[in-house]
Amino acid sequence: MVGGPLGLSFASYIRSSRSLYKWAKPLANWYANISGYRKMGFVYDDLLLEERPDVQKALSRLTPRESYDRIYRIRRGSQASIVHHDLPKEQWTKPEDDVRYLTPYVSEVHKEDLERSKWDTMQVKRK
Amino acid sequence: MLSTARVASRRISSSNAKKSFATVVEAAGYKVSAVDNGEPTSSVTILAKAGPRYESKTGVAQVLKNFAFKNTSQRSALGLVRETELYGGVLSTSLTREHIAYTADFLRGDESFFVDALASSLTSTRFTRYELEESVIPAVASESTHAISDPANQALEIAHALAFRSGLGSPLFIPVQKSDLTAEDVKSYAESAFAKDNVAILGTGIDQATLQKLVEKYLGSAPATTGNKIAAPTKTTYFGGESRVQHSEHSHGALQTLFIGYGLASAVTPELAILASHLSTVPSVKWSKGVSPLAATLPEGASASVVLLPYSDAALFGLLIQAPTAEKAKEAGKVAYQALKDAAAGNVKKEELAAASAKAKFLATAATESREGLVSAYGPQLISGAASSLLSVADSFSKVDASSFTKATSTLLKSKPTFVAVGDTHHLPYPDEIGL
Numbered sequence: 001m002v003g004g005p006l007g008l009s010f011a012s013y014i015r016s017s018r019s020l021y022k023w024a025k026p027l028a029n030w031y032a033n034i035s036g037y038r039k040m041g042f043v044y045d046d047l048l049l050e051e052r053p054d055v056q057k058a059l060s061r062l063t064p065r066e067s068y069d070r071i072y073r074i075r076r077g078s079q080a081s082i083v084h085h086d087l088p089k090e091q092w093t094k095p096e097d098d099v100r101y102l103t104p105y106v107s108e109v110h111k112e113d114l115e116r117s118k119w120d121t122m123q124v125k126r127k
Numbered sequence: 001m002l003s004t005a006r007v008a009s010r011r012i013s014s015s016n017a018k019k020s021f022a023t024v025v026e027a028a029g030y031k032v033s034a035v036d037n038g039e040p041t042s043s044v045t046i047l048a049k050a051g052p053r054y055e056s057k058t059g060v061a062q063v064l065k066n067f068a069f070k071n072t073s074q075r076s077a078l079g080l081v082r083e084t085e086l087y088g089g090v091l092s093t094s095l096t097r098e099h100i101a102y103t104a105d106f107l108r109g110d111e112s113f114f115v116d117a118l119a120s121s122l123t124s125t126r127f128t129r130y131e132l133e134e135s136v137i138p139a140v141a142s143e144s145t146h147a148i149s150d151p152a153n154q155a156l157e158i159a160h161a162l163a164f165r166s167g168l169g170s171p172l173f174i175p176v177q178k179s180d181l182t183a184e185d186v187k188s189y190a191e192s193a194f195a196k197d198n199v200a201i202l203g204t205g206i207d208q209a210t211l212q213k214l215v216e217k218y219l220g221s222a223p224a225t226t227g228n229k230i231a232a233p234t235k236t237t238y239f240g241g242e243s244r245v246q247h248s249e250h251s252h253g254a255l256q257t258l259f260i261g262y263g264l265a266s267a268v269t270p271e272l273a274i275l276a277s278h279l280s281t282v283p284s285v286k287w288s289k290g291v292s293p294l295a296a297t298l299p300e301g302a303s304a305s306v307v308l309l310p311y312s313d314a315a316l317f318g319l320l321i322q323a324p325t326a327e328k329a330k331e332a333g334k335v336a337y338q339a340l341k342d343a344a345a346g347n348v349k350k351e352e353l354a355a356a357s358a359k360a361k362f363l364a365t366a367a368t369e370s371r372e373g374l375v376s377a378y379g380p381q382l383i384s385g386a387a388s389s390l391l392s393v394a395d396s397f398s399k400v401d402a403s404s405f406t407k408a409t410s411t412l413l414k415s416k417p418t419f420v421a422v423g424d425t426h427h428l429p430y431p432d433e434i435g436l
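Chains as they are written, first to last, in the UniProt record's numbering: chain A, 1 to 127; chain B, 1 to 436.
Hint data in this document are derived by calculation from the structure and do not stem from the laboratory. Hints should not be assumed to be uniformly reliable.
[What the hints assert, rightly or not] Here are a few chain A residues that sit away from chain B, every Cβ distance over 10 Å (derived from the structure):
| hint | residue |
| --- | --- |
| 1 | Pro53 |
| 2 | Arg61 |
| 3 | Asp97 |
| 4 | Tyr101 |
[Said to hold, decoys possible] Estimated spans, in silico, between C-beta atoms of each pair:
| hint | chain 1 | residue 1 | chain 2 | residue 2 | range |
| --- | --- | --- | --- | --- | --- |
| 5 | B | Lys196 | A | Lys125 | 54 to 62 Å |
| 6 | A | Ile14 | B | Gly385 | 25 to 33 Å |
| 7 | A | Asp120 | B | Ala355 | 57 to 65 Å |
| 8 | B | Ser124 | A | Ser16 | 53 to 61 Å |
| 9 | A | Val99 | B | His146 | 37 to 45 Å |
| 10 | B | Ser73 | A | Asp113 | 16 to 24 Å |
| 11 | B | Gly301 | A | Lys125 | 56 to 64 Å |
| 12 | A | Met122 | B | Glu369 | 34 to 42 Å |
| 13 | A | Asp113 | B | Glu216 | 31 to 39 Å |
| 14 | B | Thr93 | A | Glu112 | 51 to 59 Å |
| 15 | A | Lys127 | B | Asp197 | 33 to 41 Å |
| 16 | B | Lys196 | A | Asp120 | 35 to 43 Å |
| 17 | B | His146 | A | Lys125 | 34 to 42 Å |
Computed from a predicted model, the values in this text were never measured in an experiment. Here a beta-carbon is modelled for each residue, glycine too, at the ideal position from N, C-alpha and C.
Isolated chain B (complex conformation) (with noise of 0.2 Å):
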């Protein structure tokens, strides 16, 4: 009965990754793909290679993302706003180390707005001076203050700088008040991020055909080639290292945060995210500690996350450890290296291993079930065009055993730690106290 059960899932989950993205089309120079499972509502994303990675000045890709949907040579960002609010739409925006993308969720049959308002906003921002400065630059501001009074944020920023120096290393977030970009700056980096070569247009419960129709009527026109193209990433190299800083001033209260992490030069790979599954603290059932080794260990208040952020070239591996003290995250801190110490020595069960595979793979599948995972994992395959499916992701995960994994998992260790410090720097630990 149970075998029966589990080859007709296997059955659907594979007739549902040939579904996801199988076709990719060009349409006006784009590269267009669309899944259409029958939603009530639509979604439209245009992804553009265009992180913090690639930015020729520093900030310029996160002032670019919150230019979005501003004066267009169509339509005013206020008559953009009132419009969207009476269809019924959600505009927004995102950005991550490597991508921008504008996204549009709405109901059906009101794509041909919609598609129109972003192919305008991707096309024909007016990017003025003043709107720079009344709105785009505030907005900056407040989501980096926002995003840096968070110790956990602002640690992921330093282990960042600290792991890949440059590119990767970029901030996601700029100072605040950093005022030496201007108008023309965005724009020249909007030029080159919006190249055609660099997008994809990617559409969920919207037909295929309907969006390459309409991409090609409201992007037809964009110029084919611009001058300028955007730099070339350069290979991704990982360093490693320490840091220590004070809380920002406008975390009050906030905890005390520790990262240790690796990082690694190549693509993310299945032992890490079995690896991060085998750690990962969170629980498989509501009210239970989980079943982790770091779990049962940490302290009474500590809390340790694991981070896995898988980069095109590069991974970024760690955990990230909070606790109300400085005592209480050296304590925390320990037990973590310990339980990453323990999975590289090979002190890991067979069962375990399986359960922290089946948990790995469960991960990476249900995350392409949402609209934001399924563009984040195949928006960036889709752009460099070629789209590999599910399966394969899945099939991976039964190709680690326990060999492998724990070769991995020491490779990793044997790299230079990243170590960063947030909060009361007098009293966190120094790597070497908690055994780095």
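So that you can see chain A by itself, here it is in the shape it has in the complex (with noise of 0.2 Å):
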């Protein structure tokens, strides 16, 4: 995938401007709104592609804390979807708790395969 597991993504260039953060957030809000995840009680993280080597190793590597909470949250949002329902209103997922606890170890492992692939590739001159 362009970008490395977790896509392309504008959001560094975005943030680093000022004039561009403030145009860009209240749009991002709302996309992240209406695109409906929260409604089944979802955050972010928990619909990264997951049916890759690196991101099953960043998954291995969640606290059990964090990895119980996906899984209750995975299946909660199941249920929901079976019963063609949202989760009442009181279990939507509040902005400021839909936080990215995955992608700082996605990122880390892949950093590492680059690395790996880096050293597996290099070609050793004397000096």
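Each of the two chains sits in its own frame; use the hints to bring them together as a complex.
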């Protein structure tokens, strides 16, 4: 995938520019709300594509608590999907609870993989 | 002719003794010492007074040892391994009951990289939780399983616990799957363990000025004092006692093992070292039985090795008896204890004592020829800041005479014995059955 396991993202570029951030942030909030995952009780990182070795490795590095909560949200979300209903409003994910709990681990694993391939394919030059 | 040869050799040994780690300098707050005898390779050891004796939580020292050379803020564990391979060096760690050592062996000329690697491992290891779970705990588990599957190691572990209880009695190998240690525990232990006054840096095959400069360069930015200090050691007391255990489930076909030992709550004396070499069944000439009173009387198939473990303020002396069957172990135990009693009763001939004394002196001085021996002999003294010369060690053996030897041995035997039986506990003897 382009841009590593997490896909292409302009987030860091937008965050670096103050005026761009001010303009894009409300749009991003609006988009996050209408995409509907918060109404199913998910947080954004629950939606990451997990069928790849680096994300699996990252999942194995979650703390027991994070891992338990993730499974709980997935089961609750699946149930909501089965009954064709959003969760009751008090169970919706609040924007401040929508933290990227998995992304740091994924980027760390990605960095490790890149480093390993760098060492595996290096050319040694005698100085 | 003989006498001139002896004088010449004595002169050489005294000049060597003066050369070895004669000077200790402070670099960036660390005690640094190096000796360069012109070897083609260099070795740098970082020795910290942080063995299991000082640990705050059981097993944290062993986990810390296995956390060496993992991810640091400068470079990843993988990068360190690959770079070390490219340079052709070896990174290793070792753990004794009192000290942790990080060692790098490398070709001359690569000292800058390896001192940097050691320094970053010492000061900026990240101690991540997932590394603890993914690589450190499995390494600790396999190390412990491997060590404990040897009944001799198991007997010594139990003997230490019986003899010294806490402190020196803390286990060197923690039980498998011990998971109540967190990365934070290890991190805070490392901070206190690697405080500047708790560490000595020793180099061999490297120039002292070079090492000093490199230490200043790479360890200069380390914080002077960390908040938590390593616990001051409690004064060691010798207790003694008896324990019998079955073989661990991993030791297949292991030998029946007995340990008969005595402890001292003071540093090891030359008398004890002489007693050890008097009883030692290791022959000086290959394919011979040796002149030890023990070697001649041991039953066929049984072995008895002398264990003398010196610590800063204690020592454990004992005989480790191993045999294929419990009956033979019992017989060998009786013989071994009889040999000990004979030595204590003064039944050691003058020439036997002289031979044992010479052997002990040789072993003590020859041990410092190797790099590991040099580090284990001088490192602890370096941390405490008082380095004695080799000569005083060698001289102390000549001061021992028959009466002081007998007195030391009989006092040792008067203390409560430490008795450990590992193996077929239904058939292995009880202490009273071998005369203890």
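So, going through the hints one by one against the coordinates:
1. The Cβ of A/Pro53 sits about 14 Å from the closest Cβ of chain B, beyond the 10 Å cut-off, so the non-interface label holds.
2. A beta-carbon of chain B is positioned within 10 Å of the beta-carbon of A/Arg61; the least distance is around 4 Å.
3. Residue placement check: A/Asp97 keeps its beta carbon more than 10 Å from all beta carbons of chain B (closest about 23 Å).
4. Taking the minimum C-beta to C-beta distance to chain B, about 14 Å, the non-interface status of A/Tyr101 holds against the 10 Å cut.
5. With their beta carbons about 38 Å apart, B/Lys196 and A/Lys125 fall outside the hinted range of 54 to 62 Å.
6. Remark: the range hint 25 to 33 Å for A/Ile14 to B/Gly385 is contradicted by a beta-carbon distance near 58 Å.
7. Checked against the hint of 57 to 65 Å, the pair A/Asp120 and B/Ala355 passes, with Cβ atoms roughly 59 Å apart.
8. The hinted window of 53 to 61 Å between B/Ser124 and A/Ser16 is violated, with their beta carbons roughly 28 Å apart.
9. For the pair A/Val99 and B/His146, the beta carbons lie near 43 Å from each other, so the given range of 37 to 45 Å is met.
10. The supplied range of 16 to 24 Å is met by B/Ser73 and A/Asp113, whose beta-carbon atoms lie about 20 Å from each other.
11. Separation of B/Gly301 from A/Lys125 is about 59 Å and conforms to the stated range, judged on CB atoms against 56 to 64 Å.
12. About 40 Å separates the C-beta atoms of A/Met122 and B/Glu369, a value consistent with the hinted range of 34 to 42 Å.
13. Taking 31 to 39 Å as the suggested C-beta distance range, the pair A/Asp113 and B/Glu216 conforms, at roughly 37 Å.
14. Distance hint check for B/Thr93 and A/Glu112: the Cβ-Cβ separation is about 23 Å, which falls outside the suggested range of 51 to 59 Å.
15. A hinted range of 33 to 41 Å holds for the C-beta pair A/Lys127 and B/Asp197, which are about 39 Å apart.
16. Roughly 39 Å separates the CB atoms of B/Lys196 and A/Asp120, a value that falls within the hinted 35 to 43 Å.
17. Taken as a hint, the range 34 to 42 Å holds for the pair B/His146 and A/Lys125, whose Cβ atoms sit roughly 40 Å apart.
Going down the numbered hints, you'll see the structure goes against 2, 5, 6, 8, 14, while the others check out.
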